[in-house]
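Participant: The hints should help you fit chains D, C and F onto chain R, whose structure is shown.
There are 4 protein chains.
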Amino acid sequence: MSSYAVVKDDILLRLRKIEGQVKGLQRMVEENKYCVDVLVQIAAARAALKTVGTMIIEQHVRGCVRNAIAREKGDEIIDELIDVLNRFMA
Amino acid sequence: MSSYAVVKDDILLRLRKIEGQVKGLQRMVEENKYCVDVLVQIAAARAALKTVGTMIIEQHVRGCVRNAIAREKGDEIIDELIDVLNRFMA
Amino acid sequence: MSSYAVVKDDILLRLRKIEGQVKGLQRMVEENKYCVDVLVQIAAARAALKTVGTMIIEQHVRGCVRNAIAREKGDEIIDELIDVLNRFMA
Amino acid sequence: MSSYAVVKDDILLRLRKIEGQVKGLQRMVEENKYCVDVLVQIAAARAALKTVGTMIIEQHVRGCVRNAIAREKGDEIIDELIDVLNRFMA
Chain R
8 MSSYAVVKDD ILLRLRKIEG QVKGLQRMVE ENKYCVDVLV QIAAARAALK
58 TVGTMIIEQH VRGCVRNAIA REKGDEIIDE LIDVLNRFMA
Chain D
8 MSSYAVVKDD ILLRLRKIEG QVKGLQRMVE ENKYCVDVLV QIAAARAALK
58 TVGTMIIEQH VRGCVRNAIA REKGDEIIDE LIDVLNRFMA
Chain C
8 MSSYAVVKDD ILLRLRKIEG QVKGLQRMVE ENKYCVDVLV QIAAARAALK
58 TVGTMIIEQH VRGCVRNAIA REKGDEIIDE LIDVLNRFMA
Chain F
8 MSSYAVVKDD ILLRLRKIEG QVKGLQRMVE ENKYCVDVLV QIAAARAALK
58 TVGTMIIEQH VRGCVRNAIA REKGDEIIDE LIDVLNRFMA
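Chains as they are written, first to last, in the working numbering: chain R, 8 to 97; chain D, 8 to 97; chain C, 8 to 97; chain F, 8 to 97.
Just chain R, with the same shape it has in the complex (with noise of 0.2 Å):
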């Protein structure tokens, strides 16, 4: 179950974007741009899917875990939830 629909065509976009930049990069080491411009993009790239993951985790808590337990199953979803914050804060 997958409770980002909502924004799903908006987080596809953002994802065909980060693979031009990841493609972008990819080309500037090929072509041995210069350090610092290629760690701007770097920087630009990680920003932008930390954009999307905050975009899901909201759409997750409003949704599923919302879902979760008004179905009194929070438990178990809650513990992902945490398990997964964590990840993304590293």
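Hints may contain errors.
Same chains, same names: a pair is fine if it fits in one copy or spans any two.
Calculated pairs, DSS-like style, for lysine-lysine (alpha carbon to alpha carbon, straight line, at most 25 Å) [said to hold, decoys possible]:
#1 K57 - K30
#2 K24 - K80
#3 K40 - K80
#4 K40 - K15
If you are wondering where the hints come from, they were derived from the structure by calculation, not from laboratory data.
Facilitator: Leaving out everything else, chains D, C and F in the frame of chain R:
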């Protein structure tokens, strides 16, 4: 000038793998995979980009920054380094 | 309403230890200790604060957020949660 | 050897303010303040520590690292810098 020549092949390999991860993410979202599974993959791609960034930062300091300082032209490159480190720590 | 009652003593112990770390940092800086040694201590204090934050986030979701959702009053508290998660991921 | 002498007073002022924030956090937890209010304060203290860290990293690169490289003793100090940057990006 790029200082990462010594690790260029390794970096390109990693970037291609990251491109694959981002394509995989698009497939997962298209197929409405479970939010947490998508999030775990996003966290993995972000971590992989961070590793590439750290590799380039390291080579940049050992190469470009070291050379600039040795030629007594360190000021500007150090400003630039601090700025890019801030982007990475964001 | 605070949800962290079950871990309150543990959190207070950790915060007192963090206070000690911050005082230790002041001493180190007053005594002109080596930059990297100061930086290692700063990173340790930040990591300790992050652990406390994660503990409180976990209890908040299990307590306040779960209760609000169970009472069908989840919207506002989820907005607030997403906002505070963003601050932590910064 | 510490390179942060030029910003030492500023750093000490910031560390004293952070000590105050951590003491404030203890009071908040003792008084069972609302989770999200505690979390906002934790995020603020972490951000303040990050600022101090960035200030010291900057001075360290401008001072210790630059001097070591100028004396052709850069290898070890660069290893150490990369290691401490990794701790900060964690």
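Participant: Run every hint past the structure and note whether it holds.
Facilitator: The hints, checked one at a time:
In this homomeric assembly, K57 and K30 come within 25 Å of each other (Cα to Cα) both inside a single copy, at 18 Å, and across copies, at 16 Å. Taking identical chains as interchangeable, the C-alpha atoms of K24 and K80 are never at most 25 Å apart, the minima being 37 Å within one chain and 36 Å between chains. Taking CA atoms no more than 25 Å apart as the test, K40 paired with K80 passes between copies only; the shortest distance there is 20 Å, against 52 Å inside one copy. For a Cα distance limit of 25 Å, the shortest separation of K40 from K15 across copies, 11 Å, qualifies, whereas the shortest one inside one copy, 34 Å, does not.
Checked against the numbered hints above, the structure violates only hint 2.
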